[in-house]
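Colleague: From these two lone chains plus the hints, build me the complex, please.
Chains as they are written, first to last, in my numbering: chain D, 1 to 256; chain H, 1001 to 1331.
Keep in mind that the hints were calculated from the coordinates and are not lab data. Incorrect hints may appear among the rest.
One side of the interface only, derived from the structure: several residues of chain H facing chain D at Cβ under 7 Å [claimed, not checked]:
1) W1201
2) L1217
3) G1219
4) T1222
5) R1278
Remember, predicted model here, so these are calculated numbers, not experimental data. Note that beta-carbon positions come from the ideal geometry of N, C-alpha and C, so glycine has one too.
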Amino acid sequence: MKSKKKILSCVDIVKKYGKVVALDKTEFELYEGEILGIIGDNGAGKSTLIKALTGAIDIDSGKIFLDGEEVSFASPLESRLKGIETVYQNLALSPSLSIAENMFLGREIKKDGLLGELFRLIDRRKMQKIAKEKLTELEILTVQNINQAVETLSGGQRQGVAIARATLFGTKIIILDEPTAALGVKESRRVLELIKEVNKKGISIILISHNMPHVFEICHRVHIHRLSKKLCDIDPKKVNMSEAVAYMTGAKQPRS
Amino acid sequence: MDSNNFLKKTQNFLHSNPNFVPIIVLFLAVSFFGIVVGEKFFSPFNLALIVQQVSIIGVLGIAQTIIIITAGIDLSVAAIMVLSSVIMGKLAVSLGLPVPLVILIGFSMASICGAINGFLVSRAKLPPFIVTLGTWSIFYSLNLWYSESQSIRSQDLDSFASGLKFFGEKIPLFNTQFTYGSLLMILMFVFFWYVLNRTSWGRHIYAVGDDPEAAELAGINTRKVLMSVYVVAGLVCGIAAWSSIGRVGSVSPQSFYEGNLDSITAVVIGGTSLFGGRGSILGTLFGALIVGVFRSGLALAGVDVLWQVFAIGWLIIIAVSLDQWIRKIAN
Chain D
1 MKSKKKILSC VDIVKKYGKV VALDKTEFEL YEGEILGIIG DNGAGKSTLI KALTGAIDID
61 SGKIFLDGEE VSFASPLESR LKGIETVYQN LALSPSLSIA ENMFLGREIK KDGLLGELFR
121 LIDRRKMQKI AKEKLTELEI LTVQNINQAV ETLSGGQRQG VAIARATLFG TKIIILDEPT
181 AALGVKESRR VLELIKEVNK KGISIILISH NMPHVFEICH RVHIHRLSKK LCDIDPKKVN
241 MSEAVAYMTG AKQPRS
Chain H
1001 MDSNNFLKKT QNFLHSNPNF VPIIVLFLAV SFFGIVVGEK FFSPFNLALI VQQVSIIGVL
1061 GIAQTIIIIT AGIDLSVAAI MVLSSVIMGK LAVSLGLPVP LVILIGFSMA SICGAINGFL
1121 VSRAKLPPFI VTLGTWSIFY SLNLWYSESQ SIRSQDLDSF ASGLKFFGEK IPLFNTQFTY
1181 GSLLMILMFV FFWYVLNRTS WGRHIYAVGD DPEAAELAGI NTRKVLMSVY VVAGLVCGIA
1241 AWSSIGRVGS VSPQSFYEGN LDSITAVVIG GTSLFGGRGS ILGTLFGALI VGVFRSGLAL
1301 AGVDVLWQVF AIGWLIIIAV SLDQWIRKIA N
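Next comes chain H alone, as it looks inside the complex (with noise of 0.2 Å):
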């Protein structure tokens, strides 16, 4: 009777405090290879690596998270975002365009791919899953043939434009060394959890995805709110392609191939729902950081790669029950 009560409380705090799922594991996890793998995973060293391992793949997950909450999902970010910082490399390399110009031509190719996603989901009413499964191979091939499989080195970049290896480049900082591709992904956190919860535009979001109809007979265009996201989501993968070439050091049409499914398993272990109108974008920092902490202190338990793997398999399903069984409280 009492642990049911007990229970019954839990499910009612997790519900109108969201954020604390990921919160507690992130802390659960922490603790746990703290004690397993000892100093060694505590280093300021070992923290900051982390943080800078999914400074790429946060990033995207903010995309991934603002579309997620209109109901929709994404899965050609990481090719939108591939495609871009090949098109800033090689107009900077091969010919030799000034760097601000083809960071502002990759900003706005971006955020024409995320235009195009989002009018294909909005007018053409074409289900997100479908559609992004479908432009995720035209950009990942747009991207094969305009680099012609080839990768920029890191020299070359160096010699040509070296402001776009810019997030790559460390500042000191808690006695260790932060890249600022890491703190680009925190301060884009913070402004995108200010607007998801302080502007009109982010909380049409979560009415869109909360249920479509009341939101339309409430005087939201959803059309153009879903637009918006979509091309909003583009751009902000346009950000991480810039700071995805300091990250690798190079430019490379095959890198982040995985980098969309990554996306969506830092939204979904961040407590996110897959069905709308729920979730909260810092969720996703924390669903990052949890995958970068379990690889890390894996890798330093001298745990091979795969299990890694088979581990992060586990926290999503673990995370999607979660969700469902604190959805239940809703009905």
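So here's chain D without its partners, still in its complex pose (with noise of 0.2 Å):
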């Protein structure tokens, strides 16, 4: 894993909120291709990492690179423009609006000319189709009607159009917040397996989680985070889980 590039990392990243320090120096790298998982104790500051990655929140110092240029998001969307999907816990859909409508929100397919740039009327067929070759590709859903809203859709289901929709735009990063946590056992497998099949396309992958088993079964390295910096990495083939808890809480020092 080493002998691949560094696609995502950052040196030395602090932000302070007042006197609380939410990150501090803290380091991270992601490699293309990997699946990173990102344990650590409520608190630790993994949310407060992955908002300044992606330019959600300004930091007070430090430097990101990606592709190994420096570069600095004012916001979500110019991460996004960039190639990284953030997949939220509430995952970010519409209740009332179609699954085609909600894998579009935001960055609907205008018509072309002047109806598309000027009344930006909206190519509903288009979007249906590429929604539907997308949620079939990845084989989230079977014979539903793409024109159906996500409301009546299951948790796992809206997951999965949440994660179909974040590959859609030549995505080259995903960042998943908690993707299982509200999930049965079975909807859960189908979300990890999802999760594995768009790392197989090439995307790579940071999965936030709390659930040890999910993490250590598909992660390919996990960064622990610990009292607001990284802690350290670790090989989940070569590190079992109560060792990992242990160094997420304190009760052990990894060696160095």
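Modeller: The structure is reproduced here in structure tokens:
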């Protein structure tokens, strides 16, 4: 894995909220094509790290690199345009809009020519077609109607739609925030398979989760975050879960 | 067991086809009054009259619908309309400005009123109910001040600015006569149906009303969408103002005092949810027509006006109960 090149990384990132230090000179790196797990206790700063990387918050100091070039994102929209998609815990889906509309929400395909540019007419057929192809390709929906409202879907299916949306726009990196937290056993399984499937297509994945078995099952490498900074990397094949939890909680120090 | 199943199916059907509730109610109301009142009700003249009577509230209902879909409410729509009709009338009659110019000024003033609401809602983050409760009073008092509480007579409009009464003129159609105002309302409904369902702006309005946080995360600039909705609603009120001059025949600062609430009635009976994100613009057209049919039918049946108001009150409550029942399925 180490021979591959870093796709997203940062050094010495600091973020303070008043006197509270949320990120304390932390490091982070994601290699091309891997599934990276991020684990850490509540309040360790995992979410803040992700927000800093995607431009959702301004950092006080430090540097972020994408494909080796230094970047600074002013908003999540900017990072998204560079190919970093985030699937939030609440999925950011609009319940009463259809599956196809949700997949293109905020990035609708406009009709050609003046109608699309000036009057912002959307090309529904094209959107429906692409959405259907994507969902079939990822085996998320079988014979479902692409025009049904998202609120009629189960939790796992919604997660699937959100992940499929994240893969639509020339994506290089997908960040998943607790994708299985609200799901049952069977649905979690489907989502994990889906993550692996997406990864096989060459998209690097960052998985934030509290579910150790899930993290250890699908991640190639695990980043342990503790007290506002990166504590260490572990190889889930060599380190067992209880050891990882011990590092996370500070009961044990990693050998350096 | 069987009836339970049927209810469930009905609920499901109405949930995915929200337009059907007002259509069914409209159909039932028309049949009922047709039977009770007889031919008089079904005459082309009476049906055209019903459309004409709801033509102003219908257009205000369009403005109200797009705002309610964003989970807002606008108590000031009629006040914006009356204010801009007074501005149009007065500039044309007292200052003698040309009609196209005063219409343009009237439209601009209405849009500015909408922008004020929009600014307070989207930037200052104040609740739409409170904002528009305030601006209702503000716009209404400005209207009384500018008009000096005086109406502009029909004859004065005829001699100085007959173009302002354009939408009151009639054209023969289907064995009867429709006013241009009635046609304008229908056209505007068709246009807004198209905009809401086929443009990204329209779909974003639904997304913002449905779940603003999700819309924001999906990359929609929710503040911009909200602002634009209020400005467009203001402009629609301005168009209603021009149409209302033709409908009433004169400009009266005291007219349409209940128009704010009537427009909300049309939207609610039309099945648009006050919680936002759900509803249809055509539902509002049917909602306005249902109110018109009830008023006309009860009047022709010789029922006192107070019972018309009574009936509309029940319609609103039934419509909202239905909406709640249908929404249960979502959970």
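Colleague: Give a verdict on every hint.
Modeller: Quick rundown of the hints versus the structure:
1. W1201: With a closest approach of 6 Å, the H:W1201 hint holds.
2. L1217: OK, holds: H:L1217 within 7 Å of chain D, min 4 Å.
3. G1219: Hint holds; H:G1219 Cβ to chain D Cβ min 3 Å, cut 7 Å.
4. T1222: Because about 10 Å separates H:T1222 from the closest Cβ in chain D, which is outside the 7 Å limit, the hint is violated.
5. R1278: Because about 5 Å separates H:R1278 from the closest Cβ in chain D, which is inside the 7 Å limit, the hint holds.
This entry does not satisfy hint 4, going by the numbered hints stated previously; all others are met.
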